[in-house]
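*Asks:* If you're matching them up, the sequences are chains A and B in order.
FYI, the numbering used here numbers position 211 of the first sequence as 211, with every residue one higher than the one before it.
Take any residue in the second sequence, note its place counting from 1, add 363, and you have its number in the numbering used here.
Please note that a few of the clues may not be correct.
Coverage of chain B stretches by chain A, computed from C-beta distances (three or more under 8 Å per stretch; other residues unrestricted) [stated by the list, open to error]:
hint	region
1	455-462
2	569-575
3	772-786
4	816-827
Calculated from the structure, these hints are not laboratory results.
Ideal Cβ placement from N, Cα and C applies to all residues, glycine included.
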Amino acid sequence: MSLLRRNPRSSSSRSNYRAQLSAVAAAALLLPVLAACSSGSSSSASTDASTDSADSGDLVVYSGRSEELVGPLFAEFTKATGITISARYGDSAELAAQMLEEGDRSPAQVYFSQDAGALGSVEELLSTLPESVTSLVAEQYRAVNNTWTGVTGRARVIAYDAQNVPADQVPQSVFELTDEKWRGQVAIAPTNASFQSFVTAMRMTQGEEVTKEWLTGLVNNDVQSYEKNALILDAVDSGQVKLGLINHYYWYQKAAEVGEENMRAQISFMAPKDPGSLVNVAGVGILNGASENPAAIEFVQWLLSPTTQEWFVTNTFEYPLMAGIAAAPNLPALDTLAGPDIKLAQLADLPGTLAMLQDVGLL
Amino acid sequence: MRNKDNAKAPPLLFWGAALCACIAAIPLVYLAIRIGGAGFNEIISILSRLRTWETVGISVGLAIVVVTACLLISYPTALLLTRTQLPLRRFWFTTVALPLAIPSYVAAYAWVALIPGMNGFWAAALVLTAVSFPYVLLPLLVSLRSADMGLEQVARSLGGKPTAAFFSTTFRHSIPAAAAGSLLVALYVLSDFGAVALLRVDAFTRVIYTSYRASFDRNTAAVLAGMLVILAVILISLERKARGRSLKFRADKGVSSITVARPLTPVLSALSSLWFFAIAVITLGIPITSLLIRLAEGTLRALDWAELMNAVVNTAWISALGAVIAVLLALPIATLTSQFHRKSTSTIESISYSGLALPGIVIGLSLVYLSLNTVPFLYQSFVLLAFAYAVLFLPKSLGASRSSLETVPPALGQVAQTLGYSPLRAWLSTSGRISLPGIAAGGLLVMLTAMKELPATLMLRPTGFDTLATELWSRTELAAFGAAAPYALALILLAAIPSFALSRGFLTSEKETMVSA
Numbered sequence: 001m002s003l004l005r006r007n008p009r010s011s012s013s014r015s016n017y018r019a020q021l022s023a024v025a026a027a028a029l030l031l032p033v034l035a036a037c038s039s040g041s042s043s044s045a046s047t048d049a050s051t052d053s054a055d056s057g058d059l060v061v062y063s064g065r066s067e068e069l070v071g072p073l074f075a076e077f078t079k080a081t082g083i084t085i086s087a088r089y090g091d092s093a094e095l096a097a098q099m100l101e102e103g104d105r106s107p108a109q110v111y112f113s114q115d116a117g118a119l120g121s122v123e124e125l126l127s128t129l130p131e132s133v134t135s136l137v138a139e140q141y142r143a144v145n146n147t148w149t150g151v152t153g154r155a156r157v158i159a160y161d162a163q164n165v166p167a168d169q170v171p172q173s174v175f176e177l178t179d180e181k182w183r184g185q186v187a188i189a190p191t192n193a194s195f196q197s198f199v200t201a202m203r204m205t206q207g208e209e210v211t212k213e214w215l216t217g218l219v220n221n222d223v224q225s226y227e228k229n230a231l232i233l234d235a236v237d238s239g240q241v242k243l244g245l246i247n248h249y250y251w252y253q254k255a256a257e258v259g260e261e262n263m264r265a266q267i268s269f270m271a272p273k274d275p276g277s278l279v280n281v282a283g284v285g286i287l288n289g290a291s292e293n294p295a296a297i298e299f300v301q302w303l304l305s306p307t308t309q310e311w312f313v314t315n316t317f318e319y320p321l322m323a324g325i326a327a328a329p330n331l332p333a334l335d336t337l338a339g340p341d342i343k344l345a346q347l348a349d350l351p352g353t354l355a356m357l358q359d360v361g362l363l
Numbered sequence: 364m365r366n367k368d369n370a371k372a373p374p375l376l377f378w379g380a381a382l383c384a385c386i387a388a389i390p391l392v393y394l395a396i397r398i399g400g401a402g403f404n405e406i407i408s409i410l411s412r413l414r415t416w417e418t419v420g421i422s423v424g425l426a427i428v429v430v431t432a433c434l435l436i437s438y439p440t441a442l443l444l445t446r447t448q449l450p451l452r453r454f455w456f457t458t459v460a461l462p463l464a465i466p467s468y469v470a471a472y473a474w475v476a477l478i479p480g481m482n483g484f485w486a487a488a489l490v491l492t493a494v495s496f497p498y499v500l501l502p503l504l505v506s507l508r509s510a511d512m513g514l515e516q517v518a519r520s521l522g523g524k525p526t527a528a529f530f531s532t533t534f535r536h537s538i539p540a541a542a543a544g545s546l547l548v549a550l551y552v553l554s555d556f557g558a559v560a561l562l563r564v565d566a567f568t569r570v571i572y573t574s575y576r577a578s579f580d581r582n583t584a585a586v587l588a589g590m591l592v593i594l595a596v597i598l599i600s601l602e603r604k605a606r607g608r609s610l611k612f613r614a615d616k617g618v619s620s621i622t623v624a625r626p627l628t629p630v631l632s633a634l635s636s637l638w639f640f641a642i643a644v645i646t647l648g649i650p651i652t653s654l655l656i657r658l659a660e661g662t663l664r665a666l667d668w669a670e671l672m673n674a675v676v677n678t679a680w681i682s683a684l685g686a687v688i689a690v691l692l693a694l695p696i697a698t699l700t701s702q703f704h705r706k707s708t709s710t711i712e713s714i715s716y717s718g719l720a721l722p723g724i725v726i727g728l729s730l731v732y733l734s735l736n737t738v739p740f741l742y743q744s745f746v747l748l749a750f751a752y753a754v755l756f757l758p759k760s761l762g763a764s765r766s767s768l769e770t771v772p773p774a775l776g777q778v779a780q781t782l783g784y785s786p787l788r789a790w791l792s793t794s795g796r797i798s799l800p801g802i803a804a805g806g807l808l809v810m811l812t813a814m815k816e817l818p819a820t821l822m823l824r825p826t827g828f829d830t831l832a833t834e835l836w837s838r839t840e841l842a843a844f845g846a847a848a849p850y851a852l853a854l855i856l857l858a859a860i861p862s863f864a865l866s867r868g869f870l871t872s873e874k875e876t877m878v879s880a
């Protein structure tokens, strides 16, 4: 590719032009040097001398929850305990894939995930949590072998366009979504982990056949696929679709960002026991290499302390999973949601769900 | 002007280039390991899945449509800029390279925010064309201007109509440039994830991402990614064929070969201005306006200027470092392939291009795996991240370096050596010096692309090291689009600097060509 080949005959312009580009190139070469000097003084970046990331903080946390959200929380932890955290942020599933690739050499000491499925996928890398931690959380919200535990809960809800759908006509069960009435008006996120976990739960409680029939019904009803929950909420909020299946806290976060009064989309919880009312978790596990690390255990315990659980209630609107802490006042109580009868650890059969989603043409 | 086709390259140069190409091919080693882990039956079952081929078809279709659209936009645009006295010509010259500064995911998001219902194949084609057409336009501009007008005049003096004369001479001369640009665009479309995901197209990369994200099945994902590499190899060989068809003659000295900029009639002038205006609105105006609207809508938390500036500084220097490494890796390959045309040298070049079709997540994971198994002390260090950028974007620097080195007669370096210069010093004082602008341009292009890179950055950056792309990602993950807008705008502004420098280069030389004419 000849990006900048020039007329070879005009030599006067060449030297001038060369001087210009060379100056740019020289500046580009110098930039690293200049910035290396300045970044030494900036707070978070580690210096060139310490390539080992573990040196820059006491505890290395791989966080699938975003910095915007949990960064302030980690700062609180440091303030309370004096333990500094080197947090590595990423997509929960991509971090899990990265840890699987890293294997024993992983610098990670704690894995904080958005989703139970991603935690399940790295169980082999996680150590058993001490009883002092697991006893704080109900059995259904942690791993069978106690390698990870939920920290906060997120309920599946249905978002609806309040301008076009009266509150009393919002479906109470996911089974209503295949009704002709909602043709082309239902949004889902089939590549998203929370949707897939919900389908897995449906398979476990309703059986393979019913679930497949429902998914086929959705496809035949011209269901709209989106990449993420947040995009579904945007679509409902702008009137693109009337209904969308999302996690409850997306609505609260958007409402906090743009103002509750500006929300055209509203949310409704499905009837108790409906597969659509599954409660999934964001959870945490300690990697094998850090099983004896007191800082790692302290961190997990701190996540399940009353103060931190309250912090989640007010900042993320998620359900606290520690017994005795109340959810945000405008949310129905966790035990009334009562989702489908299932333990989260049963959601491990993701491959079966993926195969089914591929079969019906949603993936 | 070149060494004879059967000339043999100096062994040091050949093996140096081969080593650099192998470094660029590192991700393929990882893919091979993972595909090997998949087992024969699994591979067959993936390949026999109808869905796999459907999505491959969609991706290939998208690449064809986008490349065609880029060519249809670039040819008239380049002709207007090089051959006519277009009003505000200098301004448009600078503007046409700027869309390179806009990451595909930002453009797609901005369009969706403005037109909520927008989605699907054609929407993705529009957005991808808007962000990638300068890859075709820039080389075309250079080619059209360096084309020998003398040939076209000879063709006309022989009775050819102006259009026929153009197509039989200048157009043929421009085919390699257009093909090289098209190759970059096609590979870009095949590997893009951000735009197709946001616009809800069932592209092949989505399937790859799903098998990483949802099933944590790295072997299946590797088989799928391997298919992309095969597609890339096919495209690279197509480009090579097109390059072979170029016109390599020049008219004799008696014929005037200076490009003449023709005046336009008022109507044509107005229409051309409208054309450029439309391009500017679609590629720059709409995304930037949409971001400004989001910015004005306000946000939950006030903008932290120190955080933003920290991200700007980090982005600038890490991408510059990546560009420097990419140029250093590209130079031996470019020197070799520009002077020696043999099967072995073209293999070296193809190898260094093959990674460009891979989505960032595959490159990221492959460097995670390979660095931990070879140089664990470098894992998640600045060095590794900059190196990743160099591996990812080496082909972009390679093309620019090669074509500018091709214009230097090898005899110059040989003369310098007969004067007692060492080979390296001879190269530096001849080829290296003369083609410096092209080499620098390649570096700028790498820097520009590295600034926008996300998936590999997330995996390989030192813990706690934030760039504009990662900060932007962190905010959009949370649906805090208002808070994301300043970062998106800062990223566009920062990436506009190298884009501007690239187009500035054309403008300067253009002005002086006119004066000397």
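*Asks:* Does each hint hold? Answer for all of them.
*Replies:* Here is how each hint holds up against the structure:
no.: 1; hint: 455-462; verdict: violated (count 0)
no.: 2; hint: 569-575; verdict: holds (count 5)
no.: 3; hint: 772-786; verdict: violated (count 0)
no.: 4; hint: 816-827; verdict: holds (count 6)
Comparing the model with each numbered hint stated earlier shows that hints 1, 3 do not hold.
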